[in-house]
Amino acid sequence: MFHRANLRNNSKNGRSQVGQNRNSKKKPVAKLTLITEDNESFTVCKKVAEMSMFFKNMLQDTEGIPAPFIVPNVSGYDLKKIIEYCSYHCLDTDCPNDNDSLRSRRDRKIGHWDETFVRNIINKDGDPVIDNLVGLTKAAYFLDIPGLIWLMTKSIANTIDPKPIAEIREIFNVPVPSEREEEILQR
Amino acid sequence: MTQSVTVTFSPSHTLARKRHFLPNEILVPILRSLWDEHSSLRLRTLASASLVCRAWAPAASELLWMDPGPQSIKRLERLARANEFSKARRFRQCGEAVLRLDLVEDPGSRWSRSRVAATLVPTTTRFSRLRSIRISCSNGAVPLAWMCALFRASPSLVAFEMHADLDCPTRYNGLAQIMATEDWKAMIEGVGRLQVLRLDVPNQRFRGVPFESVTRALCQIYAAARDALREVDFYGFSDISTLQDIATTCPSLETILGHRTCASAQVPFEWATHLPALRRADLSRASGYLIDRGVILLASNCPHLVELDLAGLIITNAALEALANVPDTHAPLRALGLSDSPHISAAAVNHLLRARGAHLTRLDVSGNDWVDETLIPVISQHCARISHLKFGFISQGFEGVDDAAIGRLLRGMVAACKKLMLVDFVAPRFREDRETVDPWEAELGKFRADDCGWTVVDRLDVSKLPGMPHVCW
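Keeping their order, the protein sequence lines are chains D and H.
Position in the first sequence (first residue = 1) + 1084 = this note's numbering.
Position in the second sequence (first residue = 1) + 17 = this note's numbering.
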């Protein structure tokens, strides 16, 4: 799966290397170490990190590879999934962005790999999958990765698509509004 | 004595879960993914989303009313008829959310345009954010006064599309008086900001339409809109000499749609030299005024031209030669229409495809009997990106035509286009009473059986038309 780029996970849980770049012997690849808020560390190559506008701007500002960088607001699980996504898509040229029209957003289809990626977002700590989807969306938004934001929002939209109000409230755990509030909404 | 009872609560996800506060930056993309103007189910979900909680309501409502389809127009109408416009604050907000308004009636829909128009008149000022409007001006559906007021009330209106059907030609009799009014003058001032102008008007060839006043009115509109205009549609315009005026004063024009236009007098071809930004030109069946000279000027003076439809024109191989021999700095052709062009040859088309076919995605060579098997290797080697292909034959179906050869050609063409998604195979069937099945139909059946990702979308059945000497698609 991770044939497109290099990804190494150095977390204390002793996870092994998840992928290797076949061309890594030919040319040394600039790497960046990221530490999440729950102290998991990841090493990613620069190309992968630059999928995130947040890191891209940071790397441009610092003009070089900085020391291990602490990523706030992002958990280890989310960052692992983000790196997985970016490793696969870092060579893509056609990424969705905020300026796309509604029709082009609607017509863009979720690819096969992306579909598997979303399906593999497992139940972390027994939480419903939607929690992980929302968490990952927030992380993607924080790190500013347009393609992942599109994928996550589309997946969440597909989750709630043919559902009535009560079920949407249940999915997002939104409390039922009071009678007065409901009246205002209805009006 | 009270016995103590220990109560153990089972861990409940619902209680343990925290509520998701979706910030607007995330909520809006989610709701935008739900938007689909063709799916009432998706719009219903959007309507549900607008009632989830107060935080979701504004974003969902705005999307819901952005492009109201006929269903929503019905609701607009109901609201209007109940005289709720003046007091319903919600509707005012809805009106402000509308960005695109389509008032052209779909065939078979029950609501009447005149009723809607009558109810929409007092709503003009509500549509303050409107960017695009599509209306029909027949049957008194949309009073001109309303249109004029709309232009005044919607400062962001940039696209205007008007259809005029021929049901009621007397409708135009009063146009001369209307053009003398203040409302008309105000509207003419308002159209100066338009970027897209599509006026589908009756042709002078149709009976009873006082086309002179229509033409004069339209010329005024074009003349007023020329500053910002990017796209014009002259469909059926009876006096194309206006094109000369517009082209000379409209250097930013990118798209010209001139399907079925005709010229009342000889038009100089120099209009083509004034449009350096032209990207798309549909001049199909523009009778009598566009010949080789016009195409040669277009080819040499429009470096950004990527879509060109020359169907039904009297052009020869010289025009194709000019298109093939443009400098490398010109943009690559992406769509080419050459249907119903009997005066060109397969060799000239092959030469053009070899020279400029590398980026071609749409090719239309239907209605030509010169299409032969020499086209197959050219498409296979030089036109790797064709995804939409349209072809067919005028004489197909007549006695003496080798149907098996047509079947082979169809199979070869489809096999040559590696990225083919759509085949539009125009196949008039003149011989309904024939007992045997056409061989090419059998070939077609094989393709359908293969799961090769394309479909035959158009099978024109003209067998019911009496005495058809030839077919014009």
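Rather than coming from a laboratory, the hints here were simulated on the basis of the structure.
Accuracy of the hints is not assured; some may be wrong.
Distance windows between CB atoms, simulated [as the list claims (entries may be wrong)]:
| id | chain 1 | residue 1 | chain 2 | residue 2 | range |
| --- | --- | --- | --- | --- | --- |
| 1 | H | Arg210 | D | Asp1228 | 47 to 53 Å |
| 2 | D | Ile1194 | H | Pro359 | 45 to 51 Å |
| 3 | D | Asp1191 | H | Pro359 | 34 to 40 Å |
| 4 | D | Lys1247 | H | Ala294 | 18 to 24 Å |
| 5 | D | Val1260 | H | Pro349 | 42 to 48 Å |
| 6 | H | Arg71 | D | Thr1243 | 33 to 39 Å |
Some chain H residues flagged as far from chain D (calculated, every beta-carbon gap over 12 Å) [unchecked claim]:
| id | residue |
| --- | --- |
| 7 | Glu42 |
| 8 | Ile47 |
| 9 | Asp53 |
| 10 | Ala66 |
| 11 | Ser67 |
| 12 | Leu68 |
| 13 | Ser145 |
| 14 | His360 |
| 15 | Ala372 |
| 16 | Ala375 |
| 17 | Trp387 |
| 18 | His399 |
| 19 | Leu427 |
Here a beta-carbon is modelled for each residue, glycine too, at the ideal position from N, C-alpha and C.
Against the structure, the hints come out as follows:
Distance hint for Arg210(H) and Asp1228(D): a CB-CB separation of about 35 Å, inconsistent with the stated range 47 to 53 Å. Between Ile1194(D) and Pro359(H) the CB atoms are about 47 Å apart, so this pair conforms to the stated range of 45 to 51 Å. In this structure the supplied range 34 to 40 Å holds for Asp1191(D) paired with Pro359(H), their Cβ-Cβ distance being about 37 Å. In this structure the hint that Lys1247(D) and Ala294(H) lie 18 to 24 Å apart at CB is violated, the actual value being about 47 Å.
Checking the proposed 42 to 48 Å range against Val1260(D) and Pro349(H) shows it is violated: the Cβ atoms sit about 58 Å from each other. Distance hint check: the CB atoms of Arg71(H) and Thr1243(D) are about 22 Å apart, inconsistent with the given range 33 to 39 Å. Under the 12 Å C-beta cut-off, the non-interface status given to Glu42(H) relative to chain D is violated; the minimum distance is some 6 Å. Its closest Cβ contact with chain D, about 5 Å, brings Ile47(H) to no more than 12 Å, contrary to its assignment away from the interface.
In this structure Asp53(H) is not separated from chain D by more than 12 Å, as the shortest Cβ-Cβ distance comes to only about 5 Å. Residue-level check failed: Ala66(H) sits 6 Å from the nearest beta carbon of chain D, not beyond 12 Å. Listed as outside the interface, Ser67(H) is inconsistent with that label: its C-beta sits roughly 8 Å from the nearest C-beta of chain D, within the 12 Å cut-off. Some Cβ of chain D comes within 12 Å of the Cβ of Leu68(H); the nearest lies about 5 Å off, and the non-interface call is violated.
Once the 12 Å rule is applied to beta carbons, Ser145(H) is consistent with being away from chain D; the minimum gap is 20 Å. Distance check for His360(H) against chain D: the nearest CB is about 39 Å away, which clears 12 Å, and the non-interface claim stands. Distance check for Ala372(H) against chain D: the nearest CB is about 27 Å away, which clears 12 Å, and the non-interface claim stands. Taking the minimum C-beta to C-beta distance to chain D, about 19 Å, the non-interface status of Ala375(H) holds against the 12 Å cut.
The non-interface label for Trp387(H) is consistent with chain D: the shortest C-beta to C-beta separation is roughly 36 Å, beyond 12 Å. Every CB of chain D lies more than 12 Å from the CB of His399(H), the least distance being 24 Å, so the non-interface label holds. Every CB of chain D lies more than 12 Å from the CB of Leu427(H), the least distance being 29 Å, so the non-interface label holds.
Violated hints for the displayed structure, listed by number in ascending order: 1, 4, 5, 6, 7, 8, 9, 10, 11 and 12.
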